[in-house]
Structures are given as C-alpha cells and as structure tokens.
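Student: Chains as they are written, first to last, in numbering that gives the first Met the number 0: chain C, 0 to 266; chain S, 0 to 287; chain D, 0 to 279.
Mixed in with the good hints there might be a few duds.
[To be verified] Computed spacing ranges between beta-carbons, pair by pair:
1. D:THR1 with C:GLY229: 35 to 45 Å
2. S:ALA279 with D:ARG34: 26 to 36 Å
3. D:PRO14 with S:ALA279: 51 to 61 Å
4. C:THR122 with S:ARG122: 49 to 59 Å
5. S:ILE15 with C:VAL150: 38 to 48 Å
6. S:ASP241 with D:ARG34: 35 to 45 Å
7. C:LEU169 with S:GLU75: 30 to 40 Å
[To be verified] To give an idea of the chain D side of the interface with chain S (calculated C-beta under 7 Å), a few residues:
8. HIS43
9. MET173
10. PRO176
11. LEU177
12. ALA239
13. LEU242
14. ASP243
15. HIS246
16. LEU250
17. ASP257
18. ILE268
19. GLU270
20. CYS276
[What the hints assert, rightly or not] No farther apart than 20 Å at their CA atoms in a straight line, the calculated lysine to aspartate or glutamate pairs in the DMTMM-like style are these:
21. S:LYS111 with S:GLU99
22. C:LYS234 with D:GLU119
23. C:LYS175 with S:ASP169
No wet-lab data here; the hints were simulated from the structure.
For every residue, glycine included, the Cβ atom is placed at its ideal position computed from N, Cα and C.
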Amino acid sequence: MLKDITLGQFFPGNTLAHKLDPRTKIILVVLYIVALFCARFFVSYGLVALLLVMSVKVSGVHPKALVKGLKPILFIICFTAVLNLLYTPGEALVSFWVFTITREGILQAFFMVLRLTMLIMGTFLLTYTTSPIALTDGLETLLNPLKKLHVPVHELAMIMSIALRFIPTLIEETDKIMSAQKARGADFESGNLFQRAKALVPILVPLFISAFRRADELAVAMECRCYHGGGGRTKLHVLRYAARDYFVLTGFAAVLGGVLVLAHFGL
Amino acid sequence: MRPIIRVEDLTHTYGINTPFCRSAVDGVSMEIYEGEFLGIIGHTGSGKSTLIQHLNGLLQPTSGKIYLEDRDIWAEPKKIRDVRFQVGLVFQYPEYQLFEETVYMDVAFGPKNMGLDEKEIDRRVRASLRFVGLGEDMLEKSPFDLSGGQKRRVAIAGVIAMEPKVLILDEPSAGLDPAGRRSMLENIRAYHKERGTTVVMVSHSMDEVAENVDRIVVLADAGVVMSGTPHEVFSRAQELMDVGLNVPQVTQVAMELKRRGVDIDPAVYTVADLRRALNALKRGRAGC
Amino acid sequence: MTDIIRTENLTFAYPADEGQQPHTALDGVDLTIERGSFVAVLGHNGSGKSTLAKHMNAVLLPGGGKVYVDGMDTSNEDLLLEVRSRVGMVFQNPDNQIVANVVEEDVAFGPENLGVPTAEIRQRVDSALKAVGMEAFMLHAPHHLSGGQKQRVAIAGVIAMEPQCIVLDESTAMLDPLGRREVLDTVRRLNREKGITIVLITHHMDEAAMAGRVVVMDNGKVVMDGPPREILVRMEELRAIGLDVPHTVELLHGLREDGFDVPLDAMSIQECAAAICEAL
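Chain C extracted, bound-state conformation (with noise of 0.2 Å):
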C-alpha cells in the first residue's frame, strides 16, 4: 500500500526529458505553472495540455505512472471540484435543497480539476526525469546569488537531498514496522479517529527512533568520506547550459507567450 507511493521517485533514463539542465526544468516547471494559472478557456488549457502531453510523450514515462502519482491527492481534487460546482453563482442548471449548480460551477469545477492534474503531474514529470540530486544541485545554482544574504543555499540543498534519498527507505521501513505490528494484532483500520491516532503510536515510535538511528549513521560515514560542507567541494556533474536548454526554454516561452494572448481574449 504504502509502496505505491511514488513520490520523489526518480526514474533513470536517456531522453531529452532528462538530460536537459535541472536548472532548464526548473525554470519550465515554473513557465508551465504560470502559464497553467493564467489560462481561461478550453484553448489557453488545451495549449497547456498539448505541452504536457508532449512532455511526457519526449519523457518516456508512462502515464499511467503519473495518474497514479495522483492517488494521494485525489481527496483534494474531489474536494475542491465539489466546492467549486456547488459554490460558484451564475446560470442555475439544477436546484435542490440549499445547493444549484451552475453552468459556470461545472465549468469551473472541470477546470479546476485539469489544473490541479496538469500542476500534479507536470511537477511530477520533473521528478521523474530528474534525479534529486541533480534537481537539489539546479536549485542550489539558480539560489546561489541568496548565498550574499547568508542564505546556506548548500546546506539546505543538502538537507533536501537526503531527504529525498531516504524517502523510499523510510516508506519501506513504514511498511515493515506496519506488518510487524499487525502480526502482533494492531489494528489501524477500525475504531474512531483518537482510536486511531493512538494505533499510529507503535508504528511511530520505532519509525523516529530508527531514523534517528540512521542520521547518526549517515552524519558518521558523511564525515569518513570527508565532508565538511560546501566549502572547497567540486561537482561530478557541473551544470551547464547546452544549446537544447535554449531551444526547450524558448518553446515554453513562447507557450506561456500564446497562453496569455489567448487568456486576453478570453479564450
């Protein structure tokens, strides 16, 4: 169950998805975001998803990865399209007890629903293609210039990085300390919600305690191999723009470009 998480989930491959720059994805990640919140109608969305699809299509991951990528949040985007439809005022369609749906809610419930999708899952097609670490070191270079305001750009870099590495650890970990409870007779699926919350405490417990454990660990084998922050260290890999960079980020431009047009005109 927990398994099926795949958050932070880094699937390796050659494509042009994935070796573009971090720093390049970044930064169309955040063109797509922007061009995603100003689209309007079904043309600027269509724009947006026909840049997703393609995306996906040059990434090689399989949709299916990605829909599934949405099982946490799927509450959220019910939750939302729900409100949506029946809280927005406009042309009633249907009428009962104190709720109307409108032509405007369902619209604006579809829309909603695409855009949390799209943002999802473009969001998640970063971290698929990218490798934490190359992701926290784009992050890290595009941050750099805050190091001037005593910002610890790589210390943070590197807390996220670790993070990143020990999620599918720890998630694995859950899981065990999870079954081994229940082959005890815990039980975390019946009784109310303190019933519940007091079940989590024997997963909890050893959950902290091992990962406690393991930064202890990690912090004295980071030291062996003679980390001492970022000072003086050199990179494997060091970003550096390719002339496909220029061209992918152009061709997002000019989406985010059309988007708006289209979104002036309403469209």
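Start from chain C and add chains S and D according to the hints.
Tutor: Below, chains S and D without anything else, positioned relative to chain C:
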C-alpha cells in the same frame, strides 16, 4: 502427520501495472505439519519473506489459497486478525518494532490486542520472557536500554506471548555473534520441545537449519525446488549449489571424501554424524 | 614506512549514564597494521572491535594513547581530511551510508568533498565502480539494489577517494551468504590487485580464515594475534570468549580425540578431506 497449514498454488505478484512488476511467489504448494520444526531456506529474492507473510494473512494471495487447520484463512476477511494470533510471525531484525516504555508492556501488546484479561496477560508475559531466556528483572526496564541481542529476545517474546499454534521466525539469528546465535537457537529448540507447537524457521544459513529442524523446504526463484528431511535434502547437495545455496561445511567435506573414493554417505550434515561415520569406517578397515 | 596504522597503548571509554561507571571499550591496545596486508579483527559483540575500527580514521579519538595513520597523529585536527582520505571506512548497514540517489553520484561524493577536479572525479568514479564490478549499475537508484550490491557501492565510494587502507566495520553482518561472498571477493581482489590494505572487522570465522592475519579482541584487549592457521584452531579458547571455530576445525578436533592422526589446521574443505583420507 496432520498438516496445520496448507498452501495451495500460491502466487503473489508485486507492483502490477508498474515498471517493477514481478512475481515473488509463483505457484507454491506446500504443507506445514502439526508439531514439526520446519526450516525454510532460500537466498534473498527467492520469495521466502513473501511466502511467510501469507501464512498469517499479512499479505493476500494474488491467486491460490492458504488453509489453517483446513479452513481458508481468507474465507472471512474480517477475522484475519484471529489468524495472526494463531500464526505468530517474528520478522527479521524484530528489535526495530519495539515501542513501549517497559519490556513488560511491549511483550503484553499482542495479548492485549487479543482482548485477554490482566491475569492471563501477566502469566503469558512472564512465561514468554522465560522462553527467550530473559529474567524477571528485565520486566520494568525500558527496551531501549537493552543490548541488541536482548532487544531481539524481547521482540520474540512479544510474539510467543500470543501463544500461537505456529511460530514463524524469519532469520532469528541474523547479525548475532556466534555465542548469541548459539544461545538463540538453543532457546528456540527448547521452546519447540516444551510447547510442542509447530515452529518454522526461515534462514539462509544451511548449517543453522541442518542442525535444528526436522524437515526442510528449499525455495528458489519464487518456487519450491525441494523438500524433505535434512538427510534427503542434503543428499541432493549438488542441486542446492546449483541454485546458489551453500551446503553445510560438513556435507562439503563428506562430498569431497566421497569424491576421493572414501566409502561414505555424503549426506551427513553435523560434525558429530561425520565423526561417527568416520570412526565406524576406520574400525571396519582395521578389522579387515 | 611499512605500517599504515599503528596504535600505541590505545584506551577508550564511552561516557556513562549518570551514576554509572564509564564503559571501557578499549584497554591498552598496541597494534600495527602493515601496508598491503589483509587483517581480520575478530571478537564477540562488545569486545571492542568496532571501537577499535572507528579509531582507524579518526571517527573516534583516543581517550588515552595514540593512533597513527601513515605516520600522522589522528588527534591532530589539521590532518583530519588527510587521515580520512587515506583510510576509508565501510559500515554495517548499507542503507545508512549511501548519501545519493544515483549510484555514480554516491561514488563521487568523497572525491567531491576532497575538491578533486571534475574530469578526474569522472575517471575515479568509473574505475572505482569497475573495481567492485558495479559499472553496469552506474545510473541505478541505490534502494533497488541488493544488500551485497549496496555494500559494493559503498566500497566503490571509498575507493574513489584513493585510500591506502579500507576498514570494513562488520560490513558483512547484515548480508546473506551471496552478498557476503560478493563483498569478500571484492575486497580480496582489491587487496591482491591494488595492494590496498584491508582491515575486516567480523565475527564470522570463515571470513577470518581468508585473511593473512587474525587479531582476536576480548574485553577491549588484543588476546590473540597471528596467522589464521594458528589462531582459528584454538577451539577451547575461542569458545570461551564467545567465538567459534570453522566446522572443519571442530571435526578435526573431534577426530583427533578419537585417535585419528590429523592436523588441526586443515581448514579448507579440500585440505580437510585430504587430511582425513590420509589418516584413514
């Protein structure tokens, strides 16, 4: 002998519809007999962990059936918890599941979930700690202050306290030093003898299995490749090696002796047996 | 200089909880590890063998006495990076020493910290992965690897720092027989082909049997030191300190009692069978 657990054509496939899709157990049928000490061996990835998690209903078969005392354990999915009380499963490195403030409370977790009364819980906690070789002075200690070996014993006691009809232990001696390993196995043997209930031990150490169990099931590549008494299994030592498993050192020596023309049964697996066989051989030779 | 590591009257005690005696883990250890040798350090849990290992690259600093790595005093803080790049360490739990999400990035972590130029890092990563036979997994995510493979990646991460010595602190304890063989074959090859000194901390007797020298620890002291053929046959003494002997040795001991004329040090399967044949 009556089978207490019967596995019928069990298949379990992980990650259906993902790039990581694979069958960890594929068409396994086997029996576990009442009161026996069974060893399951196989290297990592042979499917043994997946198999044992089906025996107490932690995993649900993709296809196939598990019978506990002739009842399909998934006949009433709501009652699967009862199956877990009857088939106690001790995971690998079980010390990482401890969570309570005291040893007593941790061992009592299982019995409490069974809904037993205080008096019965108390009796079981004390009895199971005795089985794993821990004294009463441990009861009020925090499990996190104990040594690694002691923690593992507390965790095993936590499962024994449910007084299961079948006790399954996954690699109970992993990571222990030789003395710790020896005493852990002694405790398990004593538990089996005293309680007379079924014990299943999963291991990848041939030596350990050979010296302790009545019967062995060998898993490889998600299926059962062999089963029988240790003697039967080790008489097919070459096949074991072919699937990447070790054979006890003693058996290897006997095989090598046989290869050198010594008239000896190569399927011996304990030092004492080989010693006896060699002595008999020598006496025989001296006679002629 | 022929010694890569030298300890002089090394003592160490872990700080105690309130009101209790500090726990002495090392009690006057004098030990020299020769360059290019393969040394196994044996002992039961709590014998001090891991504490000793952690002194070999300044993870722990001596409570008393001295530790020298390649002639450098490990308590000199200015030499810390030097010391650690000469003696690499591989730990018990493979999951807790892999920093990165991709194999090659993890192997590069050490050289990156040392400030090695990018082109050279690439070259070191490639040759390190090749040395442990993991080059095919360069772009894999570590959590999809087996235990033995993860440990080989960890070893590659150490090799990429071009150390003179690798200390394996119970690195095989959590592995299955297959994984153990992978790791042991790897370090044996590194020792033979690259002349890297190996210190193998273990409680598996059969692993000790393949070393050139066995050091047995008990109670924070070195109690035996010599070639495996001399050490691993001392059944009574080893059992008394919670260790064991290979089954072959146990068999030979038994046969000797029964009046067979067999040597005790025929440890390998082949030797043991040959010796028995001889005596029959």
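Student: The structure should be examined with respect to each hint, and the outcome stated for every one.
Tutor: Status of each hint after checking the structure:
{"no.": "1", "hint": "D:THR1 with C:GLY229: 35 to 45 Å", "in the structure": "holds (38 Å)"}
{"no.": "2", "hint": "S:ALA279 with D:ARG34: 26 to 36 Å", "in the structure": "violated (51 Å)"}
{"no.": "3", "hint": "D:PRO14 with S:ALA279: 51 to 61 Å", "in the structure": "holds (59 Å)"}
{"no.": "4", "hint": "C:THR122 with S:ARG122: 49 to 59 Å", "in the structure": "holds (56 Å)"}
{"no.": "5", "hint": "S:ILE15 with C:VAL150: 38 to 48 Å", "in the structure": "holds (45 Å)"}
{"no.": "6", "hint": "S:ASP241 with D:ARG34: 35 to 45 Å", "in the structure": "holds (41 Å)"}
{"no.": "7", "hint": "C:LEU169 with S:GLU75: 30 to 40 Å", "in the structure": "holds (34 Å)"}
{"no.": "8", "hint": "HIS43", "in the structure": "holds (4 Å)"}
{"no.": "9", "hint": "MET173", "in the structure": "holds (6 Å)"}
{"no.": "10", "hint": "PRO176", "in the structure": "holds (5 Å)"}
{"no.": "11", "hint": "LEU177", "in the structure": "holds (5 Å)"}
{"no.": "12", "hint": "ALA239", "in the structure": "violated (10 Å)"}
{"no.": "13", "hint": "LEU242", "in the structure": "holds (5 Å)"}
{"no.": "14", "hint": "ASP243", "in the structure": "holds (4 Å)"}
{"no.": "15", "hint": "HIS246", "in the structure": "holds (4 Å)"}
{"no.": "16", "hint": "LEU250", "in the structure": "holds (5 Å)"}
{"no.": "17", "hint": "ASP257", "in the structure": "holds (5 Å)"}
{"no.": "18", "hint": "ILE268", "in the structure": "holds (5 Å)"}
{"no.": "19", "hint": "GLU270", "in the structure": "violated (10 Å)"}
{"no.": "20", "hint": "CYS276", "in the structure": "holds (5 Å)"}
{"no.": "21", "hint": "S:LYS111 with S:GLU99", "in the structure": "holds (13 Å)"}
{"no.": "22", "hint": "C:LYS234 with D:GLU119", "in the structure": "holds (10 Å)"}
{"no.": "23", "hint": "C:LYS175 with S:ASP169", "in the structure": "holds (13 Å)"}
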